[in-house]
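Peer 1: Between the sequences and the hints, there should be enough to build the whole structure, so can you do that?
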Amino acid sequence: MASAKRLLRIHLLQQWYDLSDPAMEDALIEVATMRRFAGIALITDRIPDETTILAFRHLLEQNELGEQIFEAVKAHLKANGMAMKQGTIVDATIIAAPSSTKIEKRERDPEMHQTCKGRQWHFGMKVHIGVDSESGLIHSVETTAANVHDLTPAAELLHGEETVVYADAGYQGIEKRPEMQGRGIGFRVAMRPGKRRALPDTPEGRLDDLSETAKAHVRAKVEHPFRVIKRQFGFQKTRLRGMLKNGCKVKVLAALSNLFMARHELLCRT
1 MASAKRLLRI HLLQQWYDLS DPAMEDALIE VATMRRFAGI ALITDRIPDE TTILAFRHLL
61 EQNELGEQIF EAVKAHLKAN GMAMKQGTIV DATIIAAPSS TKIEKRERDP EMHQTCKGRQ
121 WHFGMKVHIG VDSESGLIHS VETTAANVHD LTPAAELLHG EETVVYADAG YQGIEKRPEM
181 QGRGIGFRVA MRPGKRRALP DTPEGRLDDL SETAKAHVRA KVEHPFRVIK RQFGFQKTRL
241 RGMLKNGCKV KVLAALSNLF MARHELLCRT
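Residue 100 in my numbering is what sits at position 100 of the sequence shown, and the numbering runs on without skipping anything.
Wrong hints could be hidden among the right ones.
To be verified - Derived DSSO-like pairs (lysine-lysine); straight-line CA-CA distance at most 27 angstroms: (1) Lys230 / Lys245; (2) Lys117 / Lys237; (3) Lys230 / Lys117; (4) Lys221 / Lys78; (5) Lys176 / Lys85; (6) Lys237 / Lys221; (7) Lys78 / Lys230; (8) Lys215 / Lys117; (9) Lys176 / Lys195; (10) Lys85 / Lys215; (11) Lys195 / Lys221; (12) Lys176 / Lys221; (13) Lys230 / Lys215; (14) Lys78 / Lys5; (15) Lys195 / Lys117; (16) Lys117 / Lys245.
To be verified - Quick list of simulated restraints, FRET-style, between CB atoms: (17) Gln114 / Ala23: 24 to 32 angstroms; (18) Asn147 / Gly186: 23 to 31 angstroms; (19) Trp16 / Glu107: 29 to 37 angstroms; (20) Glu161 / Thr51: 43 to 51 angstroms.
Just so you know, these hints were derived from the structure itself, not from any lab.
Note that the Cβ used here is the ideal one computed from N, Cα and C, for glycine as well.
Peer 2: If you want it as C-alpha coordinates, here you go:
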(Lines of atoms letter the chains of each structure in order from A and count residues from 1; the text may use other names and numbers.)
(Lines give C-alpha, C1' and ligand atoms only; values in the text may rest on other atoms or scores of the structure.)
Protein backbone atom coordinates (compact mmCIF):
# COMPACT_ATOMS: atom_id res chain seq x y z
CA MET A 1 0.00 0.00 0.00
CA ALA A 2 1.22 3.49 -0.85
CA SER A 3 2.58 5.55 2.04
CA ALA A 4 0.73 8.61 3.35
CA LYS A 5 3.65 10.82 2.30
CA ARG A 6 3.47 9.54 -1.26
CA LEU A 7 -0.31 9.94 -1.41
CA LEU A 8 -0.08 13.48 -0.06
CA ARG A 9 2.41 14.37 -2.80
CA ILE A 10 0.02 12.87 -5.36
CA HIS A 11 -2.86 14.87 -3.87
CA LEU A 12 -0.82 18.06 -4.22
CA LEU A 13 -0.12 17.22 -7.85
CA GLN A 14 -3.86 16.88 -8.36
CA GLN A 15 -4.43 20.39 -7.03
CA TRP A 16 -1.59 21.95 -9.02
CA TYR A 17 -2.79 20.50 -12.31
CA ASP A 18 -6.55 20.29 -11.56
CA LEU A 19 -6.74 16.57 -12.34
CA SER A 20 -9.54 14.12 -11.64
CA ASP A 21 -8.72 10.85 -9.88
CA PRO A 22 -8.57 8.81 -13.13
CA ALA A 23 -6.55 11.56 -14.85
CA MET A 24 -4.11 11.60 -11.92
CA GLU A 25 -3.56 7.85 -12.23
CA ASP A 26 -2.94 8.19 -15.98
CA ALA A 27 -0.55 11.10 -15.41
CA LEU A 28 1.52 9.06 -12.97
CA ILE A 29 1.83 6.32 -15.58
CA GLU A 30 2.77 8.69 -18.40
CA VAL A 31 4.72 11.59 -16.82
CA ALA A 32 8.12 10.77 -15.36
CA THR A 33 8.50 14.08 -13.51
CA MET A 34 5.26 13.47 -11.63
CA ARG A 35 6.40 9.99 -10.61
CA ARG A 36 9.70 11.46 -9.45
CA PHE A 37 7.94 14.09 -7.34
CA ALA A 38 5.67 11.44 -5.81
CA GLY A 39 8.67 9.21 -5.08
CA ILE A 40 7.54 6.37 -7.32
CA ALA A 41 10.06 4.11 -9.02
CA LEU A 42 8.25 2.64 -12.03
CA ILE A 43 10.12 -0.66 -11.88
CA THR A 44 9.80 -1.44 -8.16
CA ASP A 45 6.79 0.60 -6.94
CA ARG A 46 3.12 0.14 -7.63
CA ILE A 47 1.37 3.25 -8.96
CA PRO A 48 -1.71 4.04 -6.80
CA ASP A 49 -4.91 3.57 -8.76
CA GLU A 50 -7.79 6.04 -8.86
CA THR A 51 -9.62 4.23 -6.02
CA THR A 52 -6.65 4.67 -3.69
CA ILE A 53 -6.31 8.33 -4.69
CA LEU A 54 -10.02 8.85 -4.01
CA ALA A 55 -9.84 7.11 -0.62
CA PHE A 56 -6.94 9.35 0.46
CA ARG A 57 -8.87 12.48 -0.55
CA HIS A 58 -11.84 11.30 1.50
CA LEU A 59 -9.49 10.76 4.44
CA LEU A 60 -8.36 14.38 4.20
CA GLU A 61 -11.94 15.63 3.99
CA GLN A 62 -13.35 13.56 6.84
CA ASN A 63 -10.55 14.50 9.24
CA GLU A 64 -10.41 18.20 8.23
CA LEU A 65 -6.78 17.79 7.27
CA GLY A 66 -7.05 20.55 4.68
CA GLU A 67 -7.23 23.02 7.57
CA GLN A 68 -4.17 21.43 9.19
CA ILE A 69 -2.20 21.66 5.94
CA PHE A 70 -3.14 25.34 5.65
CA GLU A 71 -2.07 26.03 9.25
CA ALA A 72 1.19 24.09 8.80
CA VAL A 73 2.10 26.21 5.77
CA LYS A 74 1.29 29.41 7.71
CA ALA A 75 3.56 28.24 10.53
CA HIS A 76 6.33 27.47 8.03
CA LEU A 77 6.03 30.95 6.50
CA LYS A 78 6.07 32.54 9.95
CA ALA A 79 9.20 30.60 10.87
CA ASN A 80 10.82 32.04 7.75
CA GLY A 81 10.04 35.62 8.72
CA MET A 82 6.79 36.01 6.78
CA ALA A 83 4.45 36.56 9.71
CA MET A 84 1.13 38.31 9.20
CA LYS A 85 1.37 42.01 9.95
CA GLN A 86 -1.10 44.67 11.13
CA GLY A 87 -3.28 45.05 8.06
CA THR A 88 -5.81 42.70 6.45
CA ILE A 89 -7.58 42.82 3.10
CA VAL A 90 -10.85 40.87 2.85
CA ASP A 91 -12.56 39.81 -0.36
CA ALA A 92 -14.56 36.99 -1.91
CA THR A 93 -14.77 35.32 -5.30
CA ILE A 94 -17.37 33.04 -6.88
CA ILE A 95 -16.45 29.52 -7.98
CA ALA A 96 -18.97 28.10 -10.45
CA ALA A 97 -20.59 24.71 -9.92
CA PRO A 98 -22.08 22.47 -12.62
CA SER A 99 -25.69 23.49 -13.19
CA SER A 100 -26.54 20.36 -15.18
CA THR A 101 -29.06 17.89 -13.76
CA LYS A 102 -27.95 15.08 -16.06
CA ILE A 103 -26.77 12.86 -13.21
CA GLU A 104 -28.23 9.86 -11.43
CA LYS A 105 -30.32 11.90 -8.96
CA ARG A 106 -31.18 14.45 -11.67
CA GLU A 107 -30.48 17.41 -9.39
CA ARG A 108 -27.88 20.10 -8.98
CA ASP A 109 -25.61 20.15 -5.95
CA PRO A 110 -28.07 21.05 -3.14
CA GLU A 111 -25.35 22.82 -1.13
CA MET A 112 -24.58 25.25 -3.94
CA HIS A 113 -26.78 28.27 -4.66
CA GLN A 114 -27.11 31.05 -7.15
CA THR A 115 -26.44 34.74 -6.79
CA CYS A 116 -26.60 37.79 -9.04
CA LYS A 117 -23.44 39.80 -9.65
CA GLY A 118 -23.16 42.54 -12.24
CA ARG A 119 -26.59 41.69 -13.65
CA GLN A 120 -25.44 38.13 -14.28
CA TRP A 121 -26.52 35.04 -12.36
CA HIS A 122 -23.92 32.62 -11.04
CA PHE A 123 -24.50 29.17 -9.52
CA GLY A 124 -21.90 27.79 -7.17
CA MET A 125 -19.94 28.71 -4.05
CA LYS A 126 -17.91 31.60 -2.64
CA VAL A 127 -14.35 31.57 -1.39
CA HIS A 128 -13.76 34.29 1.23
CA ILE A 129 -10.18 35.16 2.15
CA GLY A 130 -8.29 37.42 4.53
CA VAL A 131 -4.95 38.52 3.09
CA ASP A 132 -1.98 40.23 4.72
CA SER A 133 -1.83 43.79 3.38
CA GLU A 134 1.98 43.72 3.09
CA SER A 135 2.84 40.28 1.73
CA GLY A 136 -0.45 39.43 -0.01
CA LEU A 137 -0.43 35.98 1.64
CA ILE A 138 -3.67 34.34 2.77
CA HIS A 139 -4.05 34.03 6.55
CA SER A 140 -7.76 33.13 6.71
CA VAL A 141 -10.14 31.34 4.35
CA GLU A 142 -13.83 30.41 4.52
CA THR A 143 -16.20 28.79 2.03
CA THR A 144 -19.95 29.38 1.69
CA ALA A 145 -22.70 28.97 -0.85
CA ALA A 146 -22.71 31.73 -3.47
CA ASN A 147 -25.84 33.40 -2.06
CA VAL A 148 -24.19 34.19 1.31
CA HIS A 149 -23.39 37.90 1.61
CA ASP A 150 -19.70 38.82 1.73
CA LEU A 151 -20.20 40.48 5.13
CA THR A 152 -21.49 37.32 6.84
CA PRO A 153 -18.13 35.51 7.36
CA ALA A 154 -16.07 38.73 7.45
CA ALA A 155 -15.24 38.47 11.17
CA GLU A 156 -13.79 34.97 10.60
CA LEU A 157 -11.32 36.41 8.09
CA LEU A 158 -9.48 38.54 10.67
CA HIS A 159 -6.52 37.16 12.63
CA GLY A 160 -7.20 39.47 15.59
CA GLU A 161 -4.05 41.57 15.56
CA GLU A 162 -4.77 43.88 12.63
CA THR A 163 -5.32 47.59 13.17
CA VAL A 164 -6.71 48.31 9.70
CA VAL A 165 -8.94 46.37 7.30
CA TYR A 166 -9.29 47.08 3.58
CA ALA A 167 -12.33 45.96 1.58
CA ASP A 168 -14.24 46.74 -1.60
CA ALA A 169 -17.62 48.46 -1.76
CA GLY A 170 -19.47 45.22 -1.11
CA TYR A 171 -18.38 45.47 2.53
CA GLN A 172 -20.06 48.81 3.19
CA GLY A 173 -21.35 48.83 6.78
CA ILE A 174 -18.82 46.30 8.09
CA GLU A 175 -17.83 48.62 10.94
CA LYS A 176 -21.43 48.62 12.25
CA ARG A 177 -21.69 44.87 12.69
CA PRO A 178 -21.76 43.70 16.34
CA GLU A 179 -18.85 41.30 15.91
CA MET A 180 -16.62 44.20 14.81
CA GLN A 181 -17.28 46.39 17.83
CA GLY A 182 -14.47 46.99 20.33
CA ARG A 183 -11.72 45.60 18.10
CA GLY A 184 -9.95 48.94 17.62
CA ILE A 185 -9.83 48.46 13.85
CA GLY A 186 -9.81 51.22 11.24
CA PHE A 187 -11.86 50.22 8.20
CA ARG A 188 -10.83 51.39 4.71
CA VAL A 189 -13.83 50.38 2.63
CA ALA A 190 -14.12 51.48 -0.99
CA MET A 191 -16.72 54.04 -1.96
CA ARG A 192 -19.53 52.75 -4.16
CA PRO A 193 -18.71 53.35 -7.85
CA GLY A 194 -21.73 55.56 -8.46
CA LYS A 195 -20.89 57.77 -5.52
CA ARG A 196 -17.27 58.05 -6.61
CA ARG A 197 -18.26 59.06 -10.14
CA ALA A 198 -20.42 61.79 -8.64
CA LEU A 199 -17.58 63.36 -6.66
CA PRO A 200 -17.43 67.10 -7.37
CA ASP A 201 -14.49 68.62 -9.22
CA THR A 202 -13.36 70.51 -6.15
CA PRO A 203 -10.24 70.21 -3.97
CA GLU A 204 -12.24 68.11 -1.50
CA GLY A 205 -13.64 65.92 -4.28
CA ARG A 206 -10.22 65.38 -5.85
CA LEU A 207 -8.77 64.52 -2.44
CA ASP A 208 -11.50 61.93 -1.88
CA ASP A 209 -10.77 60.47 -5.32
CA LEU A 210 -7.06 60.21 -4.51
CA SER A 211 -7.94 58.50 -1.25
CA GLU A 212 -10.01 55.91 -3.15
CA THR A 213 -7.12 55.33 -5.55
CA ALA A 214 -4.74 54.73 -2.64
CA LYS A 215 -7.13 52.22 -1.07
CA ALA A 216 -7.50 50.45 -4.42
CA HIS A 217 -3.71 50.04 -4.72
CA VAL A 218 -3.64 48.22 -1.38
CA ARG A 219 -6.74 46.11 -2.15
CA ALA A 220 -5.21 44.95 -5.43
CA LYS A 221 -3.01 42.50 -3.48
CA VAL A 222 -6.05 40.36 -2.66
CA GLU A 223 -6.46 39.57 -6.36
CA HIS A 224 -3.05 37.87 -6.54
CA PRO A 225 -3.96 34.70 -4.57
CA PHE A 226 -7.29 34.53 -6.39
CA ARG A 227 -5.40 34.59 -9.69
CA VAL A 228 -3.12 31.78 -8.53
CA ILE A 229 -6.01 29.62 -7.32
CA LYS A 230 -8.24 30.20 -10.35
CA ARG A 231 -5.72 30.57 -13.16
CA GLN A 232 -2.47 28.93 -12.06
CA PHE A 233 -4.19 25.95 -10.42
CA GLY A 234 -7.31 25.99 -12.61
CA PHE A 235 -9.96 26.03 -9.86
CA GLN A 236 -12.63 27.99 -11.69
CA LYS A 237 -15.38 25.36 -11.46
CA THR A 238 -16.08 22.74 -8.81
CA ARG A 239 -15.46 19.13 -9.73
CA LEU A 240 -16.67 17.79 -6.37
CA ARG A 241 -20.12 17.96 -4.77
CA GLY A 242 -20.79 19.41 -1.33
CA MET A 243 -19.20 22.10 0.83
CA LEU A 244 -17.15 19.66 2.92
CA LYS A 245 -15.21 18.34 -0.07
CA ASN A 246 -14.80 21.73 -1.70
CA GLY A 247 -13.90 23.38 1.61
CA CYS A 248 -11.04 20.94 2.11
CA LYS A 249 -9.85 21.52 -1.45
CA VAL A 250 -9.92 25.31 -0.98
CA LYS A 251 -7.86 25.10 2.23
CA VAL A 252 -5.19 23.04 0.44
CA LEU A 253 -5.23 25.43 -2.52
CA ALA A 254 -4.85 28.41 -0.17
CA ALA A 255 -1.78 26.75 1.37
CA LEU A 256 -0.32 26.01 -2.06
CA SER A 257 -1.07 29.55 -3.21
CA ASN A 258 0.92 30.94 -0.28
CA LEU A 259 3.87 28.69 -1.09
CA PHE A 260 3.70 29.65 -4.77
CA MET A 261 3.62 33.37 -4.00
CA ALA A 262 6.43 33.12 -1.43
CA ARG A 263 8.57 30.67 -3.41
CA HIS A 264 11.33 33.12 -4.34
CA GLU A 265 11.77 34.39 -0.78
CA LEU A 266 11.69 30.85 0.60
CA LEU A 267 14.34 29.71 -1.88
CA CYS A 268 16.57 32.63 -0.86
CA ARG A 269 16.35 31.52 2.77
CA THR A 270 17.33 27.89 2.14
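Peer 1: Please list, smallest to largest, the hint numbers that this structure does not respect.
Peer 2: none
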